[in-house]
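Following the hints, complete the assembly by docking chain B onto the known chain A.
If you read the protein sequences in the order shown, they are chains A and B. Residue numbers are given in this note's numbering: position 256 of the first sequence equals residue 239, and the series is strictly consecutive. Residue numbers are given in this note's numbering: position 263 of the second sequence equals residue 246, and the series is strictly consecutive.
Don't take each hint at face value.
Covered stretches of chain A, as calculated for chain B (at least 3 residues, CB under 8 Å) [said to hold, decoys possible]:
1. -5 to 5
2. 80 to 91
3. 114 to 127
4. 142 to 151
Just so you know, these hints were derived from the structure itself, not from any lab. Where is the CB? At the ideal position from N, CA and C, for every residue including glycine.
2 protein chains.
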Amino acid sequence: MPLEVIPDKREMAIRAEEFRRDGRRIAFVPTMGFLHAGHVSLLEEGRRRGDVLVLSIFVNPIQFGPNEDLARYPRDLPGDLEKARRAGVDVAFVPEPAQMYTEGFQTSVEVREIARGLCGDKRPGHFVGVATVVTKLFHIIKPHVALFGEKDYQQLAVIRRMVLDLDFDIEVLGMPIVREPDELAMSSRNAYLSGEERQKALVLSRTLNLAEEMVREGERDAARVLSAARALINSVGGVRIDYVDLRDAVTLAEVARIERPTLLAVAAFVGKTRLIDNRVLTPRS
Amino acid sequence: MPLEVIPDKREMAIRAEEFRRDGRRIAFVPTMGFLHAGHVSLLEEGRRRGDVLVLSIFVNPIQFGPNEDLARYPRDLPGDLEKARRAGVDVAFVPEPAQMYTEGFQTSVEVREIARGLCGDKRPGHFVGVATVVTKLFHIIKPHVALFGEKDYQQLAVIRRMVLDLDFDIEVLGMPIVREPDELAMSSRNAYLSGEERQKALVLSRTLNLAEEMVREGERDAARVLSAARALINSVGGVRIDYVDLRDAVTLAEVARIERPTLLAVAAFVGKTRLIDNRVLTPRS
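Here chain A stands alone, though its shape is the one from the complex:
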């Protein structure tokens, strides 16, 4: 079946309803476009999980703060559609903001505790914007299964909690971070980096490796791991920590000891570009 490109949300909702009536299982990958190998890994798994694979490309204005990069967020619709075609996407939903947020729009979906700390504190309103747009996309696309990357770990946790709390009849699947050969986590925002910044950005994955090594060697004290992680990032000029934190991998509650699977989450500005990365540290007992 050739790639169908649908900009209209009513048309998308009708197509989705047709798929469901035909008894076809809908797999859905929501994105902001500028697709990279991380997105493609979601699409490939979605292809395996569903009879119909739907991709959305929508740079969602309400999840950006006033001082963030909404206006300059990278876009490449023709390139994205070509990648979608190669990955076997059946339908690309590509709405305009004016259609997603009509006059008088005033409704929001908020997940509380799990959206606090980490990016939730650094980007006020971000996860309300995410939860709200994902709710809308779920209603329009009516997926049986939705796939999200673990690079946005807190986002995935927020979506999982929202799906549970609001009784969405949707399976949420998290997929591992995809990395460049030099271990930089794939991100559309990597396009912002100069050659020099690109090299400096490698300190994020090196920090995850360092912490993982410490835990493997028996370290269980969160403060010592965080201290070493921060020192390593601070040793690179032009890289500024936004946060470095250890959290319970399931609840995202703060932890003092690394006794269970624990998320190490890192956010840092490399030049003007904010990058995030994370890894779940699992102590051997």
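Just chain B now, kept in the frame of chain A:
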């Protein structure tokens, strides 16, 4: 088809999915039970609108304030099921609170401007509780059409706005207020009233009649209509105004002049019982 009573939300979701796969149109009437003729009118219209009629009975704790009547809210499940049977309900969904709000529940749906003023100001958190539970019920029951009474006018406006903003693929139908022969609006809370209070409560509908008459006679000044309405209610001992307000019938924005369809909304305590009533006043041009 005999009445099916389902307390389990997963079972309900599976049944709903079966109905949809069979191409059957689901009509849904959400209630807090203690059914009266107003509810029955919703069920009867639902019976006409859908191939399957689903009723939910759930006294939703999160839409009650700490000083409200959650604990003593009237309940009569056997009587409700008998009324449901007579009205041709196919499925009664009757979940327990512990199943609707599981451990760690932390997600809410909020509609902003339209939920302000009127009951929104007097019952903080009420409409967040309503929007959240209706979202959950919509996800579990997957209706094509949902019916609400116009007696809870602001609630209906909130739900309409939420459905629009979150792209629910659901038709929302508002049904006229059903009244007792003496014009008291039907309400489960009427059960709280003593015989004497029951008589005093008639001042609410008389107030609506008075305002309607004023507008029919040419009055367009909101302040004068409100003043007359308040004076009438205040003339009855033991009745205390919670609010009396005129609002645009669509946006619920405040109005100074009655030039378009305008909602007169009244809330008052009769003894300890809080009652509401409303009417849309439509000026003849």
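Status of the hints after comparison with the structure:
Under the rule that three or more residues need a Cβ within less than 8 Å of chain B, the assignment of the segment -5 to 5 of chain A holds, with 4 such residues. Under the rule that three or more residues need a Cβ within less than 8 Å of chain B, the assignment of the segment 80 to 91 of chain A holds, with 6 such residues. Given as covered by chain B, the segment 114 to 127 of chain A passes the check, having 7 residues with a CB less than 8 Å from a CB of that chain where 3 are the minimum. Interface restraint, the segment 142 to 151 of chain A with chain B: holds (7 residues with C-beta to C-beta distance below 8 Å; minimum three).
The structure agrees with every numbered hint stated previously.
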